[in-house]
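Listed below, chain by chain, are the residues.
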Amino acid sequence: MDNLEPLQPLQEFLPQVWFFILGLFLFLYVLLDGFDLGVGILSLTAKNEERRSILMTSLGNVWDANETWLVLMGGSLFGAFPLAYATILNALYIPAVVMVVGLILRAVSFEFRENADRKLVWNVAFGVGSFLAALGQGFALGSVFEGISVDAQGHFSGSMWDWLTWRSVIVALTLIQAYVLIGSTYLIMKTTGEIQKTHYKTATIATWTTLAGAIFITVSTPIFSEQIRDHLLTAPLIYIFGIIPILGILLISLLLKSLIKKEENTPIIWTFLIFCLSFIGLGFIIFPKIIPPSITIYQAAAAPSSLVFMLTFIGFLIPIMLSYNIYNYVVFRGKIS
Amino acid sequence: MIDLLSNTVALSRLQFALTAIFHMLWPVLTTGMGIYLVVMEGLWLKTKNIDYYHHARFWSKLYLLNFGIGVASGLPMAFQFGLNWAPFSESVGDFLGTILGFESTMAFMLEASFLGIMLFGWDRVPPLIHWLATMLVAFGANLSTFWILSANSWLQTPAGGEFVKGKFVVQNYFEAIANPFMFKSFLHMFFATLETSLFVIGGISAWYLINKRNTAFFTKSLKVILAVALIVAPMQIFIGHLSAEQVYHYQPTKLAAMEGQWETVPAGVSADWSVLALPNDKAEQNDWEIKIPGALSYILEFKPSLDTPIKGLKDWPASDRPHMVGLIYYSFRIMVGIGLFLAGLMFITVVQWLRGKLSVETIAQQKWLLRAWIFAAPLGYLAVESGWIVRCVGRQPWIVYGELRTVESASNLPPGEILFSLTGITILYVVLFIGALYFGSKIIRKGPNLELSPPQLKGSQTIHEPNSRPVSINN
Numbered sequence: 287m288d289n290l291e292p293l294q295p296l297q298e299f300l301p302q303v304w305f306f307i308l309g310l311f312l313f314l315y316v317l318l319d320g321f322d323l324g325v326g327i328l329s330l331t332a333k334n335e336e337r338r339s340i341l342m343t344s345l346g347n348v349w350d351a352n353e354t355w356l357v358l359m360g361g362s363l364f365g366a367f368p369l370a371y372a373t374i375l376n377a378l379y380i381p382a383v384v385m386v387v388g389l390i391l392r393a394v395s396f397e398f399r400e401n402a403d404r405k406l407v408w409n410v411a412f413g414v415g416s417f418l419a420a421l422g423q424g425f426a427l428g429s430v431f432e433g434i435s436v437d438a439q440g441h442f443s444g445s446m447w448d449w450l451t452w453r454s455v456i457v458a459l460t461l462i463q464a465y466v467l468i469g470s471t472y473l474i475m476k477t478t479g480e481i482q483k484t485h486y487k488t489a490t491i492a493t494w495t496t497l498a499g500a501i502f503i504t505v506s507t508p509i510f511s512e513q514i515r516d517h518l519l520t521a522p523l524i525y526i527f528g529i530i531p532i533l534g535i536l537l538i539s540l541l542l543k544s545l546i547k548k549e550e551n552t553p554i555i556w557t558f559l560i561f562c563l564s565f566i567g568l569g570f571i572i573f574p575k576i577i578p579p580s581i582t583i584y585q586a587a588a589a590p591s592s593l594v595f596m597l598t599f600i601g602f603l604i605p606i607m608l609s610y611n612i613y614n615y616v617v618f619r620g621k622i623s
Numbered sequence: 007m008i009d010l011l012s013n014t015v016a017l018s019r020l021q022f023a024l025t026a027i028f029h030m031l032w033p034v035l036t037t038g039m040g041i042y043l044v045v046m047e048g049l050w051l052k053t054k055n056i057d058y059y060h061h062a063r064f065w066s067k068l069y070l071l072n073f074g075i076g077v078a079s080g081l082p083m084a085f086q087f088g089l090n091w092a093p094f095s096e097s098v099g100d101f102l103g104t105i106l107g108f109e110s111t112m113a114f115m116l117e118a119s120f121l122g123i124m125l126f127g128w129d130r131v132p133p134l135i136h137w138l139a140t141m142l143v144a145f146g147a148n149l150s151t152f153w154i155l156s157a158n159s160w161l162q163t164p165a166g167g168e169f170v171k172g173k174f175v176v177q178n179y180f181e182a183i184a185n186p187f188m189f190k191s192f193l194h195m196f197f198a199t200l201e202t203s204l205f206v207i208g209g210i211s212a213w214y215l216i217n218k219r220n221t222a223f224f225t226k227s228l229k230v231i232l233a234v235a236l237i238v239a240p241m242q243i244f245i246g247h248l249s250a251e252q253v254y255h256y257q258p259t260k261l262a263a264m265e266g267q268w269e270t271v272p273a274g275v276s277a278d279w280s281v282l283a284l285p286n287d288k289a290e291q292n293d294w295e296i297k298i299p300g301a302l303s304y305i306l307e308f309k310p311s312l313d314t315p316i317k318g319l320k321d322w323p324a325s326d327r328p329h330m331v332g333l334i335y336y337s338f339r340i341m342v343g344i345g346l347f348l349a350g351l352m353f354i355t356v357v358q359w360l361r362g363k364l365s366v367e368t369i370a371q372q373k374w375l376l377r378a379w380i381f382a383a384p385l386g387y388l389a390v391e392s393g394w395i396v397r398c399v400g401r402q403p404w405i406v407y408g409e410l411r412t413v414e415s416a417s418n419l420p421p422g423e424i425l426f427s428l429t430g431i432t433i434l435y436v437v438l439f440i441g442a443l444y445f446g447s448k449i450i451r452k453g454p455n456l457e458l459s460p461p462q463l464k465g466s467q468t469i470h471e472p473n474s475r476p477v478s479i480n481n
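Protein sequences, first through last, are from chains A and B. Position 133 of the first sequence, counting from 1, maps to 419 under my numbering, and the rest follow consecutively. Position 59 of the second sequence, counting from 1, maps to 65 under my numbering, and the rest follow consecutively.
Just chain A, same shape as in the assembly (with noise of 0.2 angstroms):
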């Protein structure tokens, strides 16, 4: 390590290009999966057999994939910052348990359904399990305006309840929003007649609830965190929260116009859009923490040859990953009659 010199932009370089492909990652599952998991919490609410079906064969060949952006986040996570990866599982035991059990609960209820009699138990497991996951997530997503306690090595020093306040709780119950809002406009672009008219009046009711809850985060997070606060209060951070909520203004204003028009395919492209945004916001929020909000993405970072060495054929696989998903939704488009 004698030329540690010249290294010197490189380690910070490093940990930047891997918090962005962790961020994509992430970006992939919280939109695919989140359509995903909002059509299964929409499904408990579906008034019989056949409109359950529907719902389930319009993630027959999709969700596998899905929910694999999850375990890619997770095995690259530990890979690029192996102290996140073990010091936010271990603060975050309970909701990632939580998410794990109502993930497997979800999937399997995919084959046992398509084999069963009464179908009906694997409905409900099927929309509790999405719940299940969902809720768990969203406790995930509080700790990071929360923050999680570690001592000076970076390992957790709080207790197993740390992720449950009042807080997080909202937060939790606007992501399961967020969730069935996406799930509602993916259902409004893959169905027909009285199902879909179902799902423009819960797209347009998730829309609201979703606003409440982010206007309610947006509000409260500079008020309840101070460090937060003096991250946002600072140029140029404070331009760009100047405008995030603007454009958020507009992109919720042209969501309900497409809803009111009863437009197919463009409601889910403004949510999506509106989830790049939040997410965007999240970002700029989190960074340079990976560990919010303590430790840098610089101290938890593994040796720069590693972050080399997975990048070398991580990143040459992110275009070839990408294209065959796209190649799979192309094959499936299409309604569900």
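Some hints here could point you the wrong way.
[Said to hold, decoys possible] Computed footprint of chain A on chain B, listed as stretches where at least three residues anywhere in the stretch have a Cβ under 8 angstroms from a Cβ of chain A:
hint: 1; region: 23–36
hint: 2; region: 328–340
[Claimed, not checked] Keeping only pairs whose Cα atoms sit at most 30 angstroms apart, straight-line, the calculated DSS-like set for lysine-lysine is:
hint: 3; chain 1: A; residue 1: Lys405; chain 2: B; residue 2: Lys448
hint: 4; chain 1: B; residue 1: Lys320; chain 2: B; residue 2: Lys54
hint: 5; chain 1: A; residue 1: Lys575; chain 2: B; residue 2: Lys171
hint: 6; chain 1: B; residue 1: Lys309; chain 2: A; residue 2: Lys333
hint: 7; chain 1: B; residue 1: Lys363; chain 2: B; residue 2: Lys190
What the hints contain is simulated information worked out from the structure, not anything from laboratory work. Where a beta carbon is used, it is the ideal one built from N, C-alpha and C, also for glycine.
Assemble chain B onto chain A, guided by the hints.
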């Protein structure tokens, strides 16, 4: 019992063992069966014989059932290192995390994305593209075997870097990936998944044959798998032998536990092989034993006397060697016994085939042979699980052999937290296991749908109907 319930390390180990043992049951079949599906679909494309198409469709129902549970039960595996083994994750994350990242990006995503086309895309893509999708799914699964075995082999024979202040610093990634155990261990597992799947398919085919259902159809699958097993079953015994030899060279404590050797056998002496014994951890001896004189020197070195001594367990302090010797000793014997039994069954069946006893008209008369195949169906699973118990319990007290101890690697969690997850996961796994058996036997009892017409490319038509999934047994 009270001790266990308040012991974080023991509870975390128990949870890891439970999730790993349960998870292993499902990919072991889909990995091997994927190759079988590629072969069947290929035979259909080549011969245009519709039977092969129906085989591909029928077995893919069981495939999907297993795949779903495999994905689901794999999720705890992806997060458990961080949840329960945080110090371990931090210490070896630079290497192990990279490998798990490779597994998910190279293998899982490939498998998951093409699975949709393989199962529901028959009428949506041209036959050759469909076959390509099937191949990519099978390739993805086997690539995943490769990465997992590379990672686990590294825990057995760490290479490519060194531990500095408890953290593994990688110097050469390729050396770490291709660590000493990697190649043979991968081959051993590759053949294990294939052999298990062959005997599951063979056992189910035998059940139809003995019940005189679709005799011509299932004679075909039995013969296809026999032709493959003819190579796989003896190869697996040979590779298994090579795997045991590498344990002898690299992990003497594990070998001693596998063979129930408490005392060292010096070089130049012939070593007896213990066939059956009652190993006693506390007394550090076998309470009772049947031995074959001189056999162990032949097994390990194929010589009447040893060149390298076999070190006995008592050569190490109790804190540096594996415990539960009886479990390791018997798991090893169960695995070897099953390997030999399956190869023997394959051999007898091939002899009957050559004698012309397996024709469609006469095969149902081979009652005992078919019963033996049904009996053999679950044995592959048992052998795989036993083998992994030998591999991982035998590695103790190390999590990374000779470098990092298991007790130092567990997260410092309140025991109640682990009990919460352990209880939840156990209940869920019981439900999944019963469900899999119930729905699996339902698919088997229902049998293949021989009326299914070959795929018609719908071209630009883009409607897909509810319940058009091939798994539905009502269509």
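Status of the hints after comparison with the structure:
Coverage of the region 23–36 of chain B by chain A is violated. Counting CB-CB distances below 8 angstroms, 0 residues qualify, and the rule asks for three or more. Taking a C-beta to C-beta cut-off of 8 angstroms, the region 328–340 of chain B contributes 0 residues in contact with chain A, too few for the three needed, and the coverage statement is violated. The straight-line distance between the Cα atoms of lysine 405 of chain A and lysine 448 of chain B is roughly 15 angstroms, inside the 30 angstroms bound, and the hint therefore holds. Only pairs whose Cα atoms come within 30 angstroms are accepted, and lysine 320 of chain B paired with lysine 54 of chain B is rejected, the gap being roughly 64 angstroms.
Taking the CA atoms of lysine 575 of chain A and lysine 171 of chain B, the gap is near 25 angstroms; set against the 30 angstroms cutoff, the hint holds. Proposed proximity of lysine 309 of chain B and lysine 333 of chain A is contradicted: the alpha carbons are some 74 angstroms apart, above 30 angstroms. Pair hint lysine 363 of chain B plus lysine 190 of chain B does not hold up; C-alpha atoms about 37 angstroms apart against a cutoff of 30 angstroms.
Hints 1, 2, 4, 6 and 7 from the list above are not met by this structure, while the remaining hints are.
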